[in-house]
Structure formats: C-alpha cells, structure tokens
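Protein chains in written order, with numbering that gives the first Met the number 0: chain L, 0 to 350; chain D, 0 to 233; chain U, 0 to 297.
Please note that a few of the clues may not be correct.
[Unchecked claim] Below, a list of computed lysine to any residue pairs in the SDA-like style, where the Cα atoms sit at most 20 Å apart:
1) K88(U) x Q127(D)
2) K90(L) x P170(L)
3) K160(U) x A190(U)
4) K10(L) x R202(L)
5) K160(U) x D70(D)
6) K88(U) x R124(D)
7) K160(U) x S126(D)
8) K90(L) x F104(L)
9) K88(U) x I122(L)
10) K160(U) x S128(D)
11) K88(U) x D207(L)
12) K160(U) x I184(D)
13) K149(D) x L208(D)
14) K88(U) x G11(D)
15) K149(D) x R124(D)
16) K88(U) x N63(L)
17) K88(U) x H327(L)
18) K88(U) x D70(D)
19) K88(U) x D206(L)
20) K149(D) x Y163(U)
21) K88(U) x F324(L)
22) K160(U) x G11(D)
23) K90(L) x N63(L)
24) K88(U) x V209(L)
25) K88(U) x K160(U)
26) K90(L) x G168(L)
[As the list claims (entries may be wrong)] Anything over 12 Å on all C-beta distances counts as not near chain U; from chain D, calculated:
27) S27
28) T55
29) E175
Keep in mind that the hints were calculated from the coordinates and are not lab data.
Note that the Cβ used here is the ideal one computed from N, Cα and C, for glycine as well.
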Amino acid sequence: MTRRLLNPDQKRGLIGSAMLAVLILVIVGAYALWGESYQARILYATFVNLIVVVGLQVFMGNGNYATFSHAAFMGIAAYAAAICVTPAAVKALSLPDAPWGLNAFEMHPLSAALVALVITGVIGALTGLFMSRLTNVSITIVSIAILVIVHSIFLHRTDIFKGNQALFGIPRVFGLGHITALVILAIVAARLFRESRLGLRLRAVADDEVGARAMGVNVVRARMIAWVVSTLFFATAGIAYAFYLGTISARPFYFNYVFLTVAMLILGGLRSVTGAVFGTLLISLGLEIIRWLETGPTLGGVKLPEMLGLSGLLLGIVIVGVMAFRPHGLMGNREIEDIVFRRKKTTEVSK
Amino acid sequence: MLEISGLKVFHGPIEAVHGIDISVPEGSCVALLGPNGAGKTSTLSAITGTARATGTIRLEGRDLAGLDIEDRFRAGISIAPEGRRIFANLTVFENLRMGAATRTDGGIERDIEEWLSRFPILGERRSQSAGTLSGGEQQMLTIARALLSKPRILLLDEPSLGLAPKIIGQVFALIEDLRHEGMTILLVEQNAGAAIEVADYVYVLANGLVTRHGPSGEFGDGSGLMGELTGVHD
Amino acid sequence: MDYAAQQLLNALSFGAEYALIAVGLAIVFSIMGLVNFAHGEVIAFGGYSMAVVGTVVTGNPLVLMAAVLIACVSVSLLLERVAFRTVRKADITTGLLTAFGVSIILQNLYLLLGSPRPISATQFIFLDRTLLIGPVHVSSLQIYETVTTIAAILFLTLFLKRSYLGIAMRAASRDFQMVRLCGIRANRVVATAFAISGLLAGLACIFIMARRGSVTPHMGFDPVLTAFIACVLGGFGSLPGAVLGGFILGFLEVGVLVLLPQTAGGLAQAAVFLVVALLLFWRPDGILTPATEKGDKL
C-alpha cells in the first residue's frame, strides 16, 4: 500500500480551508477599501485570536478536553521572540538587570521567531509528558496550574519579563499582510491535522475512550503530538502579537484572555475548524460593540453609565447558553464545505 | 397487571424493539425469551423508564407515559437488573437499605433481617462491602434489594447469567418460591429450559419482534426453541 | 520549638482550608461528574452577603456567620437549579465548560454590582488573635480552622455512613441510575450534594473573611484552584482523597515557604504545583483513585 501525501478527507479539508481563506481575504479587502486606520489594530488582534482559537481546536476540540494554558504558551513565545529581536542598545535600557547576557545580543526577526517556536515547543513537549498521561479532569486542572505557574514567573522575574510593566522597544516588523498569511496557514494546518489519521484517532477517543483504547489507539501518543502541535499555534500567535505591538506585558497572557478564546471556540463548536473561525469572528465583532457600550457612550443624547465587566458577563452567558442549548456549538461536527455542498458526512458519529 | 401494547424502544436513533404486545397477569410469572440483541433488556428498560419508547405501558390500568424512573418505581415496578448492579462500595445491609428507600413504614429493619436470615450467607456478611460477594450471592442480594420495596411487579433481567449450574438452580428455586408467594414476575432469560419451567406464559422475542407466545406448557422443555433462540435454523 | 509548632499549625490550618473546599468539589463531582469551577464564586458570594448584611442589618458576628452559611448554601442550590441541571446528562467537558461560564458570569456580576476593589467586612477579624499556649505563640484562627474542619469532616462521614440520604449519595457515586431505580429522586440526591458543597464553602468563607477582612470578586479563586489541585492529587471524586490532598497541599505550601528564600516568595505557588506535577507523574490518576468505571453517570 502506498501512502499518499494527503488522504481524501484532507483533500476535502484543503477545499474547506480555501473557502475560509477567501472569507479572510474578503475581510482584509473590505478593510483595505473602506476601513479606517484605527481598525487595523482591531483586525490584527482578531487574527491573532483566530490563530489561538484554531490552535485550541487542535487539542481541545479534537480531543474534547478543556485546557486553559494557551495564554501561557503564547506569553512564553511572545517574551522569547521579544527578548531575542530587541536591539541590545534598547535592552540596555529596558532590561538593565537581565541575567545570562540576555540584554547583550540581538537577532534577525526570523531567527528570533524560530528560537521562540523552539523554546515554546520544548516547554510544550515537557508539559505534554504530563498532559498526555492524565485523565480528562486532571488535564483541565493541570492546564490551569501551568497558566498560574508561568504567570507567576512572568511577574516574579521582573529582571527578565518586567512583570506587569511594559517590555518596550520590540521592533514592529509585522503588519496586516503577515498576519493574514499566518492565519490562512494556521487554518490549513489545523484542517490537515483534523482530517489526518491522528486527528481522527483523537476524535475517536473523545467519543469513546475505552472503545478506542480497545481498538489499539495509542491515546498517550496521540494526545502528546496534538498537545505540542497546538502549543506551536499559540507560539505563532504570541510572536505575531509581540512583533506588531512593539510592547508586551504579562497581564494579557492570563485568565481574561483564556475566557475570551475559550468562549470563541465554544460558540463555533469545538469539533470544527470552521466553527473556530466563525466563533472568533462573531465574538470579536460582538466585543467591539460591547467595549463601546462599556465606556459609557452617549446614545441618543443619553450618557450611559460606565459598565465594567459587561463584556466578561456576556462572554460567560455565551458559554453557558451554548453549553445548555447547543452543546456542539454553531457548527457541531460540520465544516464549511459540508454546508456549502450540503453533503452528509459518513464519518459523523451519532451520539 | 402489566399491559404493554405497540411498544417501540429506541437507543439513540436506533429502534431496538419494533412494536410488541405483552401482558403479565397478576400473580403470574411471564418469561421473555430470546437471543442476544433480541430486545429483551430494551423492553425492560422501557418499562422502568430508562430507555426512550413509544406505545403504551399500563400498570394496573394506569398509563406510565410521562412518568420518570423514580415515579415508575414508586408505582410498584422494581427491577433486578442485568449485571446485578449492586452498590459495590456499600455494605450488604446498606444495599438492602437502599432497596427500602421509598418505604416509610416501621417494618424496614424487620424485613431486612428476614431477607438476611433467608440467605444466611448474606446475613454473615451484612457489614461487609457488597463488592466482595460472589456472583451468586450478588444475584440474591439484587433480588432481595428489588423486593424490599414491596413492589407490585418484579422484573428480573438474566438472573442466571454467568453463574455456576448449582447456583442457577438456587436462583430458579427462589423465583419458584416468589411465584408461590403470589409475586407477579416478568423474567428475561436466555436459559430457556429453566425459564419455561418456572413460567406460566412465555413470549419469544427475536430481532425486536414477538415471534411466538403461549402458555409455557406449549413449549415443552424448550429444546424446540433452540433454533429461534440461537438464530440457527437447520 | 516555637517556630516548629507555629509552622505545624500553619500547615494544618492551610491544609484544613483546602480540605474543606476540596471536599465540597469532590462531593459534587463524585455524584454528577461536574467539575464545579463556580465554587470560588460561591465563596465570594458568602463574602458579599456578609458585607451587605453587616452594613444593612447587624454586625453581630454570630448572625453574620449564619448569614454567610445560608447565603453559600442557597447560591449553591440556585446554581444547580438554573445552570447545572440542564447539563446533568452531558459529558464531563460540557459540564466543566458550563461551570467555567457560570464562574465568569458571577465574577463579572460582582464587578458590575460590587466593585473591583476590596469591600471591607471586618466583623470576623476578632477570631484571629495570638494565643500563648505554654511557651508557644499560636494564632487562634488557625486552631478554630483546624478544629472546625476536622469536626465538619467527621459530621460528613457520619452523615454518609448513617443517614439514608448519605448512603444513597455514596451509592449514587457508583451507579446513579441504579439509585433512581430504587425510587430515590435524582434531584434530591444532587441537591443534597450541592447543599453540602455550599455549606463547606460557607465555612471556608468565614475563615477567609476572618483572615482578609475584605471581599473581592476573585477572593475564591486561589484557594479553590489549590483545592482543585488537591482533588487531582488525591484522586478526583474521592472524598478521602480530597481530604488527604488538601492536607498534603497545606504541608507542601508551608514547606516551600520555609525552605524557599524570602526573595522567591512570589514563586511559592509555582513551586508547590511543580512538586504536585512530579507526584502526578508517579500516579497520574491521583493517590486514592475512586474505582469508577468510565461510563454514563446518569
């Protein structure tokens, strides 16, 4: 039996990814034609979130586990890339006390990104040793512990990470073009993973762990690979974040960001990459409207009160509402091409 | 006592029983025989309310539709389920106490003691965790637990499954005793011979349909059923 | 001598607090497979209730303690009714994410209706005095905490062993459907689990308020996270495991604080979690794993 480069499901996945890529390009095009310059930042942030949520789908979605550590991996990559790429002259000011000569060198952005990916991947593999062996609930709790540990290290080692203060002076080497390319790449990669043998196995384990084990699926290995792959998505998002903003701090890489991205994935549906994309776009749009409300805008001559916590409240309601009324999210098991071609998937597992 | 008509049972989207009629008169023992996957356990699940079903199930003329598991039990349907399902982390006594959970009269302790003396082996192990009992002992415990609520009808799902022949004899002797005490019993079995012997009336189920039914006398010793029960026809 | 006794009592009282919370998490999980992320918000609700009753009604500490306990039990029951009942039959991840959502909703409600800043409620601070027992200085709060926890665990054990509902709860942790097939109402068993969980959260809340003297939207987060870790370490869903895990975490935390240099104080939690991670590598399912088969809970 010859192994083809792509299996038939993956080929269909490429068609689906192409459709999603067109959607992304349409959004970018619309911005280029009619957008205002302040919206570039919003769009960029949305695309960074999109990479994270698609990366979440890889482990959390295919395996049906809840994990909350992604903001930590994003932070690790963002700091690693930032420290590598920032010119030594700037670091002498921003990180005067940094140990191990961290403030004495600088790298080309591409090598910096590569170093950040490798560091995050290695930490992903180390944590994966645990994550792949634990049971469903423990995976969630330990992922929170990872988030807390990493965050406390960011806060504590101010000589390296500046804690809640800004680490500034990072060269702003990325623009909307770069992130658009990365988003499309992420979507294609996530789709190919989902339809690969490994992705299929993970989904089989999610449906019936005991049965899948009996069929000889190596659960630990499948989880391990998916876990490391998903950390690389988070790393990519973190690097893109640092390379665009020019300053980073520890605060965004914590629970609020986790709430946001998890809600995005849940709304779209854990099992589908298309769901991840739709969920991200919908919530990003909704949040822009709410943020505007939260600042206490003037509506029809009436000044609304400032409502801190409104966006969080609505995110929570989205999560609970989806779980209660549509636990598989907007998309369920379907991908975009299943809707466009109205094709009944034979692989769909009835529950 | 129990009247079932046009019963269809579903497991998710799959229809496991395709419309059957069964009648269990008061004080009788009715056996439901059939091969694996015939729909016997599904039928019992529909009666207890643990599976989704359409059609009507009446207990003493009362339609059970819309009643949940607990209310059907309180109406008088008690089951000794397949696989026995004793609470392995509870003691023998506590298992029996659970059987009498819905009772509020003062006779619970007395009835439990009565069962413990009926099965001395359970009496000896009353404070031992039920998970340590042998299969046969667990079966006796399950039946005792099911009867402690003083049900109107007892459903027995494969009580002989996985037991040694000698123990099977004891289980059927107990069923025989219960019948003489006037208990109404719906018995699901694969062990056709023994079931026909204790039953007054027999239904044979295959592929979710009743293929044959009649007084147990018509079935002889059950050997003629071999083809139907195993699905092998000569 | 003084130092060692103080640290021992520290460890015991930390462990007691974690055990109280961890048992509350474990009892709900053992019965309906729900990982209750909103437990910390139940504790915070107790704190807010205390602040409100304390300013509007009375400052009497005994009344306030009763108010905290009632508030925690009520909100716990309310959450079960409005949020968790709909996902009772769902898989673990769905239930977990629902609880996560509920937790976010409550935190943000506290932000919207209360304040992101601490609201002071100091009526329980009198519990925390320095006592001189022989030559040893100890904190009275820590003694109360340890004793109360041990008493609560004893009462709970008695309830689970002796009362008919307690026996039903133990049975339900193994085979909930069979419990229903014995005519015991599922809603009653689940509600009892949430009531106990809320009561234990209320006790923890009283001690936390006695130590902090103020309430914030996130006050329950840290202790509940540690209690979750305790549950994982002890074996998720096992009540003895939750108690054991809670006390192990208490001792680990004090051990780390004693051993780690002062400058690394901010990393104490990280160090504790790392030790737990190594323990989990040794026993991925926890120390006292409940022997439940993987399968449907209801």
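Cross-check of the supplied hints:
1. K88(U) x Q127(D): violated, 32 Å
2. K90(L) x P170(L): holds, 12 Å
3. K160(U) x A190(U): Roughly 18 Å between the alpha carbons, so the hint for K160(U) and A190(U) holds.
4. K10(L) x R202(L): holds, 19 Å
5. K160(U) x D70(D): Since the Cα atoms of K160(U) and D70(D) sit roughly 26 Å apart, the hinted pair is violated (cutoff 20 Å).
6. K88(U) x R124(D): violated, 35 Å
7. K160(U) x S126(D): holds, 12 Å
8. K90(L) x F104(L): Holds, because 9 Å separates the two Cα atoms, which is no more than 20 Å.
9. K88(U) x I122(L): violated, 36 Å
10. K160(U) x S128(D): holds, 13 Å
11. K88(U) x D207(L): holds, 16 Å
12. K160(U) x I184(D): This hinted pair is violated, its Cα atoms lying about 33 Å apart.
13. K149(D) x L208(D): violated, 31 Å
14. K88(U) x G11(D): holds, 14 Å
15. K149(D) x R124(D): Violated - the C-alpha atoms of R124(D) and K149(D) are around 23 Å apart, more than 20 Å.
16. K88(U) x N63(L): holds, 16 Å
17. K88(U) x H327(L): holds, 14 Å
18. K88(U) x D70(D): Answer holds: K88(U) to D70(D) is near 19 Å, not above 20 Å.
19. K88(U) x D206(L): holds, 15 Å
20. K149(D) x Y163(U): It holds: about 18 Å lies between the C-alpha atoms, which stays within 20 Å.
21. K88(U) x F324(L): Holds, because 13 Å separates the two Cα atoms, which is no more than 20 Å.
22. K160(U) x G11(D): violated, 37 Å
23. K90(L) x N63(L): violated, 42 Å
24. K88(U) x V209(L): holds, 19 Å
25. K88(U) x K160(U): violated, 27 Å
26. K90(L) x G168(L): holds, 8 Å
27. S27: About 23 Å separates S27(D) from the closest Cβ of chain U, which puts it past 12 Å; holds.
28. T55: Answer for T55(D): holds, closest chain U Cβ roughly 21 Å.
29. E175: holds, 25 Å
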